[in-house]
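So the sequences go chain by chain: U and D. Residue numbers are given in our numbering: position 100 of the first sequence equals residue 100, and the series is strictly consecutive. Residue numbers are given in our numbering: position 62 of the second sequence equals residue 62, and the series is strictly consecutive.
Keep in mind that the hints were calculated from the coordinates and are not lab data. Even glycine gets a Cβ: it sits at the ideal position worked out from N, Cα and C. Some clues are possibly wrong.
To be verified - Stretch-level coverage of chain U by chain D, calculated; a stretch enters the list once three of its residues show a Cβ under 8 Å from a Cβ in chain D:
hint, stretch
1, 243-255
2, 275-286
3, 374-385
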Amino acid sequence: MLAFKLALKNLIGAGLRTWLNVFVLSLALVMIVFQSGIIHGWDLQAKIDMTEWEVGGGEYWHNLYDPYDPLSLNDGHGSLPSELKKLYNDGQAVPVLVTQASVYPEGRMRNILLKGIDPSQNIVKLPASLMKGDSLVINALIGNRMANATRLNKNDMVTVRWRDANGTFDATEIRIAGIFHTNVASIDNNQIWIPLDKLQKMTGLDGNATYIILKQGITSAPTVPGWIYKGHDILFSELDTIIKSKSIGGLVLYIILLSLALLAVFDTQVLSIFRREKEIGTYIALGMTRWQVVRLFTIEGAMHSILSVVAGAIWGMPLLYLVAKYGFAMPKATEGYGLTIAEKIFPVYSLGTIITMTIIILVTTTIVSYIPSRKIAGMKPTEALRGKVQ
Amino acid sequence: MNNAEIISVKNLTKKFPMGLGEFTALNGINLTFFKGEFAGVVGPSGSGKTTLLNIIGLLDNPSDGDATVLGNSSKDLSVRQAALIRRKHMGFIFQTYNLLPVYTVFENAEFPLLLLKMSTGERKKAVLDALEWVGLSDKVRSKPAQLSGGECQRVAIARAMVKRPEIVLADEPTANLDADNSHHILQTMEKLNKELKTTFIFATHDDKVISHLKRKITLIDGKVSRDENIKQ
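If we strip away everything but chain U, and leave its shape as in the complex, we get (with noise of 0.2 Å):
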């Protein structure tokens, strides 16, 4: 107890040396809290969108569909098993064909995954009801990145060329009945969404789909021959990776910021053991052992780590608070990395997190403490009270 009384007089009587140290430890830990939050929240956020826009409660998936093959893509579909057709009939699902196509906007061609969809469908917040309407016209609907990529505006009309369930070619003129905004790119990149019954017209696959998705909040998933269940974790699973993969690159980042904090406080600890020997010398002229004196340094190395924490809280606090609340808005480009990122990021903080950095700080700047804090224990007291500056 003794040693911290005298170790934080210690350190306030230092002065702007301390308040250095103490504010660029208090800095690396709320950048290590915001950057973790940011990440959690961007997480959390990437994760509500996607069950609210693509994925809801979770897909079933055609057996031979695969969203990264485009060899298999236009087989990859089938007649509604009856199980599912009993939750689509009761609102419980909505079933999605997937096609390829090209779309000629401005007379280029473009290559496109035409998608369909009941327009009366609320499992996703797709605005699907755009699309209902004149039945002669084919009414379709993009997302504003596929919009800006094409330069098509609501109400243009756009030739769109597939093939049909034979391999035939056939094209008609579509009219682009809504641009919906969204944070997921994966259901907008490259897509154009039309009815599901006019695209299985089209493609002469009557009652057929790619996927399923059903609503949120289902729980039980039967299995069903011929389709396969994907849960949000199997969905997520891209999304979980990306994360762990910024995860690691703001591990890095926390790496810098807080080996730039230590050498600071290693710096200091040096600079004072050198200038500090007369004091050191005293410490032990009046009693204490060297053990004291190392544990007295040591221990005020490590108390800044304490003041940083309670600075943090004091300027750090207000600043996380106000970012949670109004959020982080995301450079424009990051909605052309095609990753589910929202234009405004609500940071999270997680308690975990703020603990687990707190006692990291606590150690490491103890660790750096200690090590040129031991150079005291070989000093002798004759000698350091010959120091030659106070």
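With chain U held as given, fit chain D onto it using these hints.
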């Protein structure tokens, strides 16, 4: 050992490495100090005064011979045991005061009592008493940087005396002070020596200090050349 004998030095030799050879700072010294003495080790620079004080203060070890302090032979003491003896029984006064710069006058004087784990109430009383002895009761909240040299040395005396040690070792305590301050400080120490029966041992070559000594030990080239009682 005589009951009043508190320090005994026998055939004390201290050598320091110097270049390829050695420098002999103390060469076969024999001395005894008794309780309540007001003694000084005098001599020119380099005669071994500070080295002798450091060995008596258990801050350094002899190369040969022995120093027995309060019945403890320096040969048998570990570094930790030596620290405990200094903590309980010794006070130090240095030429450059060696006050802890971030502490107030009160806290500087209080420091040795914190190491002795004395209770807050006892500590406060002892510190205020000590500061009263040295006439600094009005400066308790001042920091060393706000004090004059004489005041700093008085704080150092209060710090050395606060635990009422048996021995106070003072190394050139007046070297940085003017005549008035030196005189005042020496009077303070004489008073404490008389009232508390504390043994004072000085290392000095300052005539102002020498004129107050009751026993003068002259060291020349690491050897005792004279040991005389000058005031009885």
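Against the structure, the hints:
Evaluation of the coverage hint for the stretch 243-255 of chain U: breached, as 0 residues show C-beta separations to chain D shorter than 8 Å, against a requirement of three. Residues of the stretch 275-286 of chain U lying with their CB closer than 8 Å to a CB of chain D number 7, which satisfies the three-residue condition for coverage. With 4 residues having a beta carbon nearer than 8 Å to a beta carbon of chain D, the stretch 374-385 of chain U meets the requirement of three or more and the stated coverage holds.
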